[in-house]
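Add chain D to chain Y, keeping to what the hints say.
Same order as they appear, the protein sequences are chains Y and D.
Just so you know, the first sequence maps onto residues 61 to 437 in my numbering.
Just so you know, the second sequence maps onto residues 61 to 437 in my numbering.
Hints were generated in silico from the structure; no laboratory data involved.
Careful, some of the hints might be misleading.
Given that identical chains are not distinguished, each listed pair holds provided it fits within a single copy or across any two copies.
To be verified - Distance condition first, Cα-Cα at most 20 Å in a straight line; then the derived DMTMM-like pairs of lysine to aspartate or glutamate:
id : residue 1 : residue 2
1  : K259      : E100
2  : K327      : E360
3  : K170      : E196
4  : K352      : D152
5  : K327      : E436
Protein chains: 2
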Amino acid sequence: MLTDRRLRICDFLSRMNMSGAIFCSLGSIRYLSGYVAPIETGPNPFEAGPPILVLNRDGESELIVSEFEEQAARSRGKVDNISVYSCYNIYDTSMRAVSNLIGLLLDSMKRLRIDSGSLGVEAEYFPAALLWGIQEKLRDVNWRDISRSLESMRAVKDEDEVELLRRVSEIASWGQIVSRQLIHEGVSEIEVYSLVKAKIEEKVGARTPLLADMISGERTWEVSGHPSTRRLRRGELVICDLVPCVDGYWGDSCTTISVGEPSEEQKRLHEIVISALKKGIENVRPGISAMKLDEVVRSEIKRHGYDYPHHTGHGLGVTYHEEPKIYPSSNTQLKPGMVLALEPGIYIKNVGGIRLEEVLLVTEDGAEVLTKYSKEL
Amino acid sequence: MLTDRRLRICDFLSRMNMSGAIFCSLGSIRYLSGYVAPIETGPNPFEAGPPILVLNRDGESELIVSEFEEQAARSRGKVDNISVYSCYNIYDTSMRAVSNLIGLLLDSMKRLRIDSGSLGVEAEYFPAALLWGIQEKLRDVNWRDISRSLESMRAVKDEDEVELLRRVSEIASWGQIVSRQLIHEGVSEIEVYSLVKAKIEEKVGARTPLLADMISGERTWEVSGHPSTRRLRRGELVICDLVPCVDGYWGDSCTTISVGEPSEEQKRLHEIVISALKKGIENVRPGISAMKLDEVVRSEIKRHGYDYPHHTGHGLGVTYHEEPKIYPSSNTQLKPGMVLALEPGIYIKNVGGIRLEEVLLVTEDGAEVLTKYSKEL
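Bound conformation, chain Y alone:
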């Protein structure tokens, strides 16, 4: 599967008359090499930059990582070669990790015969220090920014990716089930979030990045926000949007849960969002445009006099927001194998915000819902 994906990129490089490319966004690294870089504690101060994948037009590939990443990269990286730069030596403080990395990168570019001509680079992620180091030695490279080029190529998922997205959808659903059990009067947003994350990690068996909106009461009409120390009160709503990353693939899910018995008005708004989400699911099929799908879902909300200040949905994969982007302005057409989240909402001051979400796989003639958890208020 990884080889197929790299060959698709090679086709693209050929069409663009590029002899090869340098990838360094963590999404592309996962997508093209299988290696999942850790993200939860930010850049490692020992390292000289992100992991780097060098690929030539013939499909030959090399992954360059730090010695701290070596073990994980060797166990997971499916590439022709893995090179490891040194960045830690207590007996040599003059050691320059960046020079070491640049040296390996130059070697790799020579080995893969892409040390001149037109070359792609994910320039939005590639550090200037590495670029300078290469430019000093290779003056004949014509660099072209391909930071955004892979996104549309990644929109239709391969079989192994669909399995990974099934798995992370299960994990997101599990998070929602746990969250519903934990939400009650008096508990704080951060307590719910932290315990949900712990239960997710127990289930996954490893540290699991988790992006989350966990907002209650008046915070729900602000649409999104990190968990705070705010404690839940009876009669309030809680928006619980859980976006976990398992094995480098991002899931998504959102429910709205009432603390105690919801008001009639909250129930009425909830019914509208339920029906909009249902409309969306019914309309997901190959050929429909993102624009049309957005309109179908949004109009169900609009005909009751409401709207939401955000997209109707988005694709999922090695990032948590990618094509197909279900925006009013998007011409993207859905195709079998795309995986997308739909998440309509209504946010009314002094009543509450409500958002509900499902993740779907576009099939040959419709959609399969990958997330499974209660949408009850």
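This is chain D only, laid out in the frame that chain Y set:
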């Protein structure tokens, strides 16, 4: 405090004949602007790059962030000006976040009169795409990489930083106390890690990045590692190294805990590490070199016939490994106001690994221990 720090950097810029500088490592952003960028879920796919601080030699400063960061940056950023670039518009999918960011950056460089001449940049973190965007308009800038220049300037902490490091040391200590309560036969490494993180977040009241070695049994003689599904067995040791980040400042702590009664051999090794750590604490004072301190601690381990394959310690601050680096090869001299961790260890195959750590503030005549938790086996 922030103004003082920026003025120190201005002195450095003047000495280096630079008219200003562009900072974008998350550590420098925290250090010079007060804004703490979220790290736990990796780069935000909407954004065009990291937050950027522009500073001129006169001390004028501007922070540039995405619209997703605006609220947090405005509430925390102590700079002369904050600019916000747009990166999300569901009605305009052609919107290019990178162009927007480059536009603001160019405006800022003009406003601060640093659009020509010699300019510093944290090139190990600055994306090539932004560099190209600027170079296209400003051809007369002579760029100089200052990625590693701030590290030694940051080694002596300001008063507000000492308070932040006290606070995060308390949190790390709290994590150790919780960890000791949770460690028992049958529980898995990941379960302990996840619950410790949840208890830390409950105490902090916000999401809290936590780097951790959580390794048991045969994994302890591999020195470090992420928590796994491995379950603790009687007679084993567990190394619990907790490195939390609170308000942008990193703490550190490490204990080794036996599951059930430790063996005589484990007790003996533990006593040696205890005495090495004690020796280190006694010797921390202004004027001692990192090299000497490393030797004092390491020789206490060596005289029993052991050694450890890592540093004796390191500074803490806006990164979790910085000056003063307590390495055998380091000439750095300790000064009052430095904050450092000491962490000697012994790792013996088929017996177990042991590491113990304290964080210390260098005072006028010695050291104050900031971490407070049991070092018992």
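- Violating hint indices (sorted, rising): none
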